[in-house]
Amino acid sequence: MEDFLQTLEIFFNFGLPLLILMVAYFVGSTIEKRHFKNICEREDDLHGFPVVSFDTMPEDWNVSSCNMVTGSIVISLDYFKRVIAGLRGLIGGRIKTYEPLLERARREALLRMTESAREQGYDAVFNVRLETSRLANARRDGKGTAGVEMLAFGTAVKFASRFG
Amino acid sequence: MKFVAKKPREGINVSDVHPLVEAGTLVVGLTLIFVFIALLLIFLIEIALYFVSDETEAELFADWLPEDLVAVSPADDRLYETQLLLDRLSSHWIDTPYTFRLEIDDSEVANAMALPGGLVVVTEGLLDKVESENELAFVLGHELGHFRNRDHIRALGRGIVLSLFFAVVTGNDVAGLGIKATDVTLRGFSRKQESAADEFGLSLVHAEYGHVNEAWRLFERWDSEQDSSPGIVTYLSTHPQAGNRVEDLKLLADREGWQVQGDVRALQW
Ligand SMILES: [Zn+2]
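Taken in sequence, the protein lines are chains A and B.
Here the first sequence is numbered in the numbering used here, starting from 1 and rising by one per residue.
Here the second sequence is numbered in the numbering used here, starting from 1 and rising by one per residue.
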């Protein structure tokens, strides 16, 4: 009985966090892979739709209507990424596990914005900007969830006549 | 201007390192660093112990209290009586550099700690468990034994190393760390240190009462009850049993020719 309790204690102290870490890794990387695949497909679909960061437009361009379009995504990191990033935080350097996360957020936000522009019948998006805001800190007590919001916004324009 | 749509190469913003490789490198590397630091600190503590005499230690920590101590009211009878008992016991340790102070921590788990500067902390949980003054006297004597062998400083050093480690791993602010009693108890003493503390403690009990009756009854009760309440578990995790504690104490009393029969004093509260 005592041995059993001891085993149980060891499990809860070391085994359980390790198990959660492994599950987080597998689930997290599967989701990430699928998300990247999805992003690539949608980017291919939108290929050729101009999304640019100019903030002024040449005067001779004939714009019939314009409107602001936005696309935003709120994304959280998995436990595995967080733990590894925590370790990385001790010695500094590139937080390599965060890079794909933010890359996904950026591209997804841009895609949502562009898709919204296309849906509304616009021809291009100008003056595209990206904004990030941190939602909360990850806390060890389980309260608070780490996450970032990535917001892409720009001016969608419709040309009176196609130029070129 | 002509707009030419072009797709950038995939993965420009993402490092080409597999997350598991990154994890492995970090874990192995940091473990090595920590082991090195821990060994270095333990070594430094031993050096410090060699150079800092117990008189200096007693002076440095004369008024020190751990940050996380939740002391009972100063008017508490138990505080007065236990301090008195501690004074009586320590009076038999003739050349002690310490002026022993006693604090009662408002904690339900049974535990007793030897802290720098001659501070003995017992928990309310322990006071609830003891049934006679003689039982309490042995627990206090045992802590005095840790002072005599300077185990408390070693434990403190190891505790600081460990809490530093946990603070770093959990991302807490390392600079804001104070010395806490939990640091000390985080890592108990070795079995050898325990036996030595037991021997000294029992000799103090014998010197005080002229016999060692009931000195180990608390442990006997814990053994027989197969009690696994948090109290005993905590005490044992900080003061691990070297084999059979009760048997060893009996043998010791026998070897020294100490009386095992005698009047037992009731608790004074
Ligand atoms: Zn001990």
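Hints should not be assumed to be uniformly reliable.
Taking lysine-lysine and the DSS-like style, the derived pairs with C-alpha atoms no more than 25 Å apart in a straight line are [stated by the list, open to error]:
hint : chain 1 : residue 1 : chain 2 : residue 2
1    : B       : Lys7      : A       : Lys37
2    : B       : Lys129    : B       : Lys2
3    : A       : Lys158    : B       : Lys6
4    : A       : Lys33     : B       : Lys129
5    : B       : Lys192    : B       : Lys250
6    : B       : Lys2      : A       : Lys158
7    : A       : Lys33     : B       : Lys6
8    : B       : Lys6      : A       : Lys37
9    : A       : Lys158    : B       : Lys7
Just so you have them, the derived chain A footprint on chain B, three or more residues with Cβ under 8 Å [what the hints assert, rightly or not]:
hint : segment
10   : 5–18
11   : 25–36
Simulated from the structure, these hints should not be mistaken for lab results.
Glycine included, C-beta positions come from ideal geometry on N, C-alpha and C.
Okay, the hints, checked on the actual structure:
Only pairs whose Cα atoms come within 25 Å are accepted, and lysine 7/B paired with lysine 37/A is accepted, the gap being roughly 15 Å. The hinted pair formed by lysine 129/B and lysine 2/B fails the criterion: a straight-line CA distance of about 87 Å is larger than 25 Å. Restraint check for lysine 158/A and lysine 6/B: the C-alpha separation of about 21 Å stays at or below 25 Å, so the hint holds. Distance check on the hinted pair: lysine 33/A and lysine 129/B sit about 58 Å apart at the alpha-carbon level, beyond 25 Å; violated.
Restraint check for lysine 192/B and lysine 250/B: satisfied, since their Cα atoms lie roughly 17 Å apart, inside the 25 Å limit. Between lysine 2/B and lysine 158/A the alpha-carbon distance is near 17 Å, which keeps this suggested pair within the 25 Å criterion. Restraint check for lysine 33/A and lysine 6/B: satisfied, since their Cα atoms lie roughly 23 Å apart, inside the 25 Å limit. The suggested pairing of lysine 6/B with lysine 37/A holds, with an alpha-carbon distance near 18 Å, which does not exceed 25 Å.
Straight-line distance between C-alpha atoms of lysine 158/A and lysine 7/B comes to about 23 Å, which keeps the hinted pair within the 25 Å bound. Residues of the segment 5–18 of chain B lying with their CB closer than 8 Å to a CB of chain A number 7, which satisfies the three-residue condition for coverage. Only residues whose C-beta sits within less than 8 Å of a C-beta in chain A count toward coverage, and the segment 25–36 of chain B has 4 of them, enough to reach three; the restraint holds.
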